[in-house]
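Trainee: Protein chains in written order, with the working numbering: chain A, 121 to 408; chain B, 7 to 106; chain C, 77 to 179.
Just so you know, these hints were derived from the structure itself, not from any lab.
Some hints here could point you the wrong way.
[Claimed, not checked] With the Cβ distance kept under 8 Å, some of the chain A side facing chain C (calculated, not the full set): (1) Pro201; (2) Cys325; (3) Cys369; (4) Thr373.
[To be verified] Across the chosen pairs, the derived CB separations fall in these ranges: (5) A:Lys221 / B:Lys61: 31 to 37 Å; (6) C:Lys177 / A:Arg190: 27 to 33 Å; (7) A:Gly263 / B:Phe91: 46 to 52 Å; (8) A:Pro216 / B:Lys61: 40 to 46 Å; (9) A:Asp207 / C:Lys111: 46 to 52 Å; (10) A:Gln198 / B:Gln48: 18 to 24 Å.
Here a beta-carbon is modelled for each residue, glycine too, at the ideal position from N, C-alpha and C.
Chain residues, written in single-letter form:
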Amino acid sequence: MRVRHILRPLAAAIAAAALTCAAASAIAAETPADPAADAKAFQKYFTDKFPKVKYEDFVNGPYSMNEDMRKQWQEIEQFPPYEFALDAGKEMFSKPFKNGKTYADCFPNGGIGIRQNYPYFDEKEGKVVTLELALNRCREANGEAPISYVKDDMASLTAYMAYTSRGKPMSIKIPNDPRALAAYEDGKRYFYTRRGQLNFSCASCHVQSPGEHIRAETLAPALGILNAMPIYRSEWSGMGTISRRFTSCNSQTRAVPLEPQSDEYRDLEYYLSYVSNGLPISGPGARP
Amino acid sequence: MKKSILAATLLIAGVVPALAASEADFKAAYAAAEAAEKEAGQLRNRWTTTESDLKAAQKSAASGNFDAATASAKEAEALAKASIFQATSEKDRWKDAEIH
Amino acid sequence: MASTIRVRATATGDTTEVQALIQHPMDSGYVKDAKGQLIPPHFIQQLTFEHNGKTVFLADWGPAVSKDPYVKFAFKGGAKGDDLKISWTDNKGASDSLTAKIQ
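The following block holds chain A by itself, in its conformation from the complex (with noise of 0.2 Å):
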């Protein structure tokens, strides 16, 4: 049948795809991981891309690329959406649990001032804690259920604590720790890799496209994404966390969100706020 002709070329091809690609892996695999050289190149990406916005404001998500999008957040944040969770947050942190403790016992400095710190490797577990698990730990170590990790309780707990963090910049430490290593790369493979039926990547709205619309959406750019973290989207009408934004942007490029805090989540979570350690957190934030 005359279809064979159309099926070699494009067997031919494919083959040539996977040689040159596993060409290009084995070169890839000899360079060791350097998170510094990464942030520093990730940084700069953004910086160069948009000269114009100031480096702090990198954190102000699609407001930082468009105006008039800017105009109506400023008048947005006299009286943030946000308000209620927080005061619900601030209400929440300080009631004691069953026991008696409360959630300042399970964190240093009493939980204040502290998000910018997270997530962090914990050698003794050997995997990357993030703040969102981090309090359910300190639920479950109290004899309280976990909450749910998307939204509610978990969102005006996470606005609190970032709320006491407001300006503090982002430092996430990567220990000496061939194991904290590979989590960081873990992370940073998630970010780049396609996935999903539209087969999108994280960075292929957030590293090749920032400012720039899917649909009527602006798009953030990558660097800073999670300092202003939770945050209350308009889309959502409520809150909703680090854990909501990664499950449903898998869904939205058709992907099977993964369960949330994962470990190819807390890995992202982990790549993403090491590249952006520096610039101030923002939480709680307000967004389209």
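Keeping the supplied structure of chain A fixed, place chains B and C upon it in accordance with the hints.
Mentor: The following block gives chains B and C in isolation, referenced to the frame of chain A:
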């Protein structure tokens, strides 16, 4: 040459729907789709559209429409296989996009 | 219990600008919950702003207004120190009100 390929394609496309799918056809197609989706799951790379096709296949089968059920199951299998291909081919391709 | 109303009113010359954020679910009655059940309508029906006993803003709301509504408007008159009263009633018969000072 193009005309004969077109004619051949149309002929094949015309022939297939004329053969109605049986429940056995559906079960085989669904099993194949499920197996592929399971593999995609192990690669942590399932697609939402695969899942909805599988659900649609079950729904059609439940109402006795095995033609639609088999078609959905076959599409689910194709999507699942594509997601497996994506997981394996993108495993190293990401480095091309990395900022250096 | 904390008020559902947050307000800021500023007088400049002969105009007072008012901003308010009201905490309310504003359920339209058309949305289904996770179980597929319709969430019953629960929304503010009337919102009133009064200055010196006179209504300066009256809103008749329905299901089209979103959760936690934000309102911004300006009215002629009003001076620093004057009282501004905000009140709302909803379709379930609930209500809330707050009196704030114009700044």
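Trainee: Which hints from the list above does the structure break, by number from lowest to highest?
Mentor: 2, 3, 4, 5, 9, 10
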